Amino acid sequence: MRYLPKSPAEREQMLAEIGARSIDDLFAVIPAEYRLTRDLDVPRQHAESEIIDYFRAAGARYTHKHTSFLGAGAYRHYRPILIDAMAQRGEFLTSYTPYQAEITQGTLQAIFEFQTMISELTGMDVANASMYDGSTGAAEAVLMAMRITGRHRAVVANTVHPEYREVLHTYLRYREMPTKLVACDPETGRVDLRALEAAVTEETAAVLIQSPNFFGMIEDIPVIADIAHKKGALLIVSIAEAVSLGVVRPPVEADIVSLEAQAFGVPLCYGGPYCGVIATKEQYLRQIPGRLVGQTVDRDGYRGFVLTLSTREQHIRREKATSNICTNQALVALMATIFLTIYGKEGMRELAEQNLAKAHYAAQALSAQPGAKLRFTGAPWFNEFVLYTEEDPAAWSQRLRSDRIVGGLDLHRWYPEMSNCTLWCATEIMPRERMDKTASLMAARPVEA
Amino acid sequence: MATDPVNPQTDAARRTTGKVRPHQTQNEGLVFEKSSPGKRGYKLPELDVPPVNVDELLGAAARKEKAQLPELSEIEIVRHFTRLSTWNYAIDLGMYPLGSCTMKYNPRVNEWVARIEGLAEAHPYRPDHLAQGQLQVIDLLQRCLIEITGMDAITLQPAAGAHGEFTGILLVRAWHESQGNARMKILIPDSAHGTNPATAAICGYEVENLKSNAEGGIDLEALERQVDGETAALMLTNPSTIGVFESQIHKIADILHAKGALLYMDGANMNALVGKTRPGDFGVDVMHLNLHKTFSTPHGGGGPGSGPVACKAFLEPFLPIPVLVKNEDGGMHWHYDRPQSVGRVRAFYGNTGMFIRALAYILANGPDGLRQTTEDAVLNANYIRKKLEDVYELPYKTPSMHEVVFSDKRQAAKGVKTGDIAKRLIDYGFHPYTVSFPMIVHGALMIEPTESESLEELDLFIEAMRAIAREVEETPELVKSAPHSTRVSRLDEVQAARKPVLRWRG
Numbered sequence: 000m001r002y003l004p005k006s007p008a009e010r011e012q013m014l015a016e017i018g019a020r021s022i023d024d025l026f027a028v029i030p031a032e033y034r035l036t037r038d039l040d041v042p043r044q045h046a047e048s049e050i051i052d053y054f055r056a057a058g059a060r061y062t063h064k065h066t067s068f069l070g071a072g073a074y075r076h077y078r079p080i081l082i083d084a085m086a087q088r089g090e091f092l093t094s095y096t097p098y099q100a101e102i103t104q105g106t107l108q109a110i111f112e113f114q115t116m117i118s119e120l121t122g123m124d125v126a127n128a129s130m131y132d133g134s135t136g137a138a139e140a141v142l143m144a145m146r147i148t149g150r151h152r153a154v155v156a157n158t159v160h161p162e163y164r165e166v167l168h169t170y171l172r173y174r175e176m177p178t179k180l181v182a183c184d185p186e187t188g189r190v191d192l193r194a195l196e197a198a199v200t201e202e203t204a205a206v207l208i209q210s211p212n213f214f215g216m217i218e219d220i221p222v223i224a225d226i227a228h229k230k231g232a233l234l235i236v237s238i239a240e241a242v243s244l245g246v247v248r249p250p251v252e253a254d255i256v257s258l259e260a261q262a263f264g265v266p267l268c269y270g271g272p273y274c275g276v277i278a279t280k281e282q283y284l285r286q287i288p289g290r291l292v293g294q295t296v297d298r299d300g301y302r303g304f305v306l307t308l309s310t311r312e313q314h315i316r317r318e319k320a321t322s323n324i325c326t327n328q329a330l331v332a333l334m335a336t337i338f339l340t341i342y343g344k345e346g347m348r349e350l351a352e353q354n355l356a357k358a359h360y361a362a363q364a365l366s367a368q369p370g371a372k373l374r375f376t377g378a379p380w381f382n383e384f385v386l387y388t389e390e391d392p393a394a395w396s397q398r399l400r401s402d403r404i405v406g407g408l409d410l411h412r413w414y415p416e417m418s419n420c421t422l423w424c425a426t427e428i429m430p431r432e433r434m435d436k437t438a439s440l441m442a443a444r445p446v447e448a
Numbered sequence: 000m001a002t003d004p005v006n007p008q009t010d011a012a013r014r015t016t017g018k019v020r021p022h023q024t025q026n027e028g029l030v031f032e033k034s035s036p037g038k039r040g041y042k043l044p045e046l047d048v049p050p051v052n053v054d055e056l057l058g059a060a061a062r063k064e065k066a067q068l069p070e071l072s073e074i075e076i077v078r079h080f081t082r083l084s085t086w087n088y089a090i091d092l093g094m095y096p097l098g099s100c101t102m103k104y105n106p107r108v109n110e111w112v113a114r115i116e117g118l119a120e121a122h123p124y125r126p127d128h129l130a131q132g133q134l135q136v137i138d139l140l141q142r143c144l145i146e147i148t149g150m151d152a153i154t155l156q157p158a159a160g161a162h163g164e165f166t167g168i169l170l171v172r173a174w175h176e177s178q179g180n181a182r183m184k185i186l187i188p189d190s191a192h193g194t195n196p197a198t199a200a201i202c203g204y205e206v207e208n209l210k211s212n213a214e215g216g217i218d219l220e221a222l223e224r225q226v227d228g229e230t231a232a233l234m235l236t237n238p239s240t241i242g243v244f245e246s247q248i249h250k251i252a253d254i255l256h257a258k259g260a261l262l263y264m265d266g267a268n269m270n271a272l273v274g275k276t277r278p279g280d281f282g283v284d285v286m287h288l289n290l291h292k293t294f295s296t297p298h299g300g301g302g303p304g305s306g307p308v309a310c311k312a313f314l315e316p317f318l319p320i321p322v323l324v325k326n327e328d329g330g331m332h333w334h335y336d337r338p339q340s341v342g343r344v345r346a347f348y349g350n351t352g353m354f355i356r357a358l359a360y361i362l363a364n365g366p367d368g369l370r371q372t373t374e375d376a377v378l379n380a381n382y383i384r385k386k387l388e389d390v391y392e393l394p395y396k397t398p399s400m401h402e403v404v405f406s407d408k409r410q411a412a413k414g415v416k417t418g419d420i421a422k423r424l425i426d427y428g429f430h431p432y433t434v435s436f437p438m439i440v441h442g443a444l445m446i447e448p449t450e451s452e453s454l455e456e457l458d459l460f461i462e463a464m465r466a467i468a469r470e471v472e473e474t475p476e477l478v479k480s481a482p483h484s485t486r487v488s489r490l491d492e493v494q495a496a497r498k499p500v501l502r503w504r505g
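Chains Y and X are the protein sequences, given in the same order.
Residue numbers for the first sequence follow numbering that gives the first Met the number 0, beginning at 0 and rising by one.
Residue numbers for the second sequence follow numbering that gives the first Met the number 0, beginning at 0 and rising by one.
Derived from the structure by calculation, the hints contain no laboratory data.
Do not take every clue at face value.
Unchecked claim - Result set (DSSO-like, lysine-lysine): computed pairs, CA atoms no more than 30 angstroms apart in a straight line:
id	chain 1	residue 1	chain 2	residue 2
1	X	Lys386	X	Lys396
2	X	Lys250	X	Lys311
3	X	Lys250	Y	Lys280
4	X	Lys42	Y	Lys64
5	Y	Lys344	X	Lys63
As the list claims (entries may be wrong) - Covered, in the sense of this in silico footprint (three residues per stretch, anywhere, with C-beta under 8 angstroms from a C-beta of chain Y), are these stretches of chain X:
id	stretch
6	216-230
7	250-258
8	307-316
9	321-327
10	355-367
11	408-420
12	480-489
Quick caveat: nothing in here was measured; it's all calculated off a predicted structure.
Think of the CB as a built atom: it goes at the ideal place given N, C-alpha and C, for glycine as much as any other residue.
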């Protein structure tokens, strides 16, 4: 086997030095009745070229020839070449969690830079080293608010990503922490402020909203923060489309921000690995879950970085830890750090502006077609929008498919009351020609018999 | 004696004064410190739609001040991250014997296939009929892992080992609830990973500690005493964190099952078992795997991981949604309507990119390669044990599997602790072993070589460990002040925690 660096003779030599007659001696401790005496029923050993053939075939069904308007928590942005060129360096790729600081300063400093960039973008004081993804990050943020406030109820906007809400439900299941769902304003697609005000009580630990929300609409953070804070609850803002922060005002009134950083140069890869991260105000630092990197000095006074405040964590606190999280998403956070370094201060603005321009062009082109209109109006939005069509989405999807276009996502699956509503996303990579083509295909509705 | 200023071997030559360190790569600042206004590392394509006015479109929601991100040119970005990378130790550089972490070779073809366009650019909400390639990969990996573990069903959704534990214990709880009583407590041996008790707690269970016996294994009598009608499960790591196989495993399972409790296996050490024995055959009801340990996906400086959970058939109805189902026409789709499911533990389907890598590893190995891998991992650990047991204290004489745990008892007599020996190992060119874990061994040195080390590399490591043992006798201060060869010396962790500086401020 080509990954194994030993010759048969070396194996024999080692066994002899150990004092074992055969390798089976070393497994004698396993009771005979449980020893596997046959080959595992898995595919035979493959050559590297065969492995590549297998995965190429698996990936061949859908290629760059397709155009997709899918967003909904996973965004396709251009990924600069440097991201993989740097992140694939073996020193980053094949290193472990930086417990031994003297020989993992590379990872540690990169995480410190990541924490800084996320703090800057979100308007928070501090950020952690990463969480699994946006969904688990939002759930952990709610648990964090519960620890901070000592309260046991959460109020959640129904415009938070439906799968994030499902994950939250799973996390809270055994916490005796009831959640109250607040509907959205049917005009604007933003959280219904009056309903929110009525739902928040003196027992509410946290209000969880998403902005831009699942329908793409940007929530009125200062007003929502007031509603939460008046009752002593914390405001948690979940952000699924991180590139929005280039042009959208950061949620500075929030107490905790849970960000999904996938949009920062992380491949879609059918849903993961992505990169969650929790940012918060300084005073809540000791309740934050996950790893934190801090700056310090070595014996000679040189600056260096270490994992810090680990008394919050499972390997020290065991059942009293803030979370059971151990491995996080360090390499993906590194990709995001490289992405943010490449675009930088000006580029993030420019990139976000292009998204805004493309998506608004798409919205205009699509909603101008007969029987189509934007479902929500009267509030700002970033690069996603909900389109209502008189025609059943299943019907026009079929027409788009003939031209290798995947249109907006049918919302009926999560919002049964929203018939014929689809969620569309256009990022900076969407060519105008494809948007025009899509609009004309949408318009080409067969004449009813 | 006068020192020769041009001899690079002298201390004087190695030291520099002022801001510049001996080599530029050792002198890299923070990315923010290299920024200056107007430098660019990007160029956006020409906009083919009319530009928009941000303030008009967003009004009060428009961002007024740009985030203070750095401004650098492309070459500076390449140098920055390349220089940072050189400060890391890595498997690609040498032996990384972190016990319990399984730092094995991460094959490059895994990285290559995970970046194939049709896989890397697949949107998770792509319609199922356009995702058959992805589903085929997921299905084959699921079938391989079920076969390897001897279990009946699996979910790949959990994002890491601890997340898998969470999912597994949710299954346990959901099943007990379906039987009428969720039960109150989870038994956890004192040798367990910290994630185990933390997981039990977040699933609403009380943690009851189970003391290890004299061999570091499960004390059957204590287990018999402690398991009762309120015990939901035992969370067992097998082989244990001292690298010992629980030879009484079937009795452990019997004791639990007799009282209606389940056996959860922490699969962190599954790399000692693959192809040699199967947890499903020796009584385990539910377990997690770490694809980033046993199945070679990269650790990446702390993730991403992937923590699939495999279970017996009676737990299958409780698996997280969605689950993959075969159509009559041979295609596959995601199935969501499962009323007994514990729910979702993560958005989408899990860390799919890691599934691709793990499957590439299984394909590269085949059944014979997987078995040989396990055998070599165990052979390497036992070789190290044999070659070091005369100089380092071996607290448990029970046979070792894939890792060996020594204690610093003999060296501590000279005032040198396991943490010091670990730091000195850095000077010899190796990453340290796992320090001070498991907690049942005072001053533990937990060494896991994995199968990826050649005899030559093992002998060098052994030589280094023996040399350090001699230094402890002769020049203990040298060991206690190590490392001496690194870019930074020992870092002040107390200051880092007392006055946390967690971000750069200009």
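Hints the structure fails to honour: 3, 6, 7, 8, 9, 11
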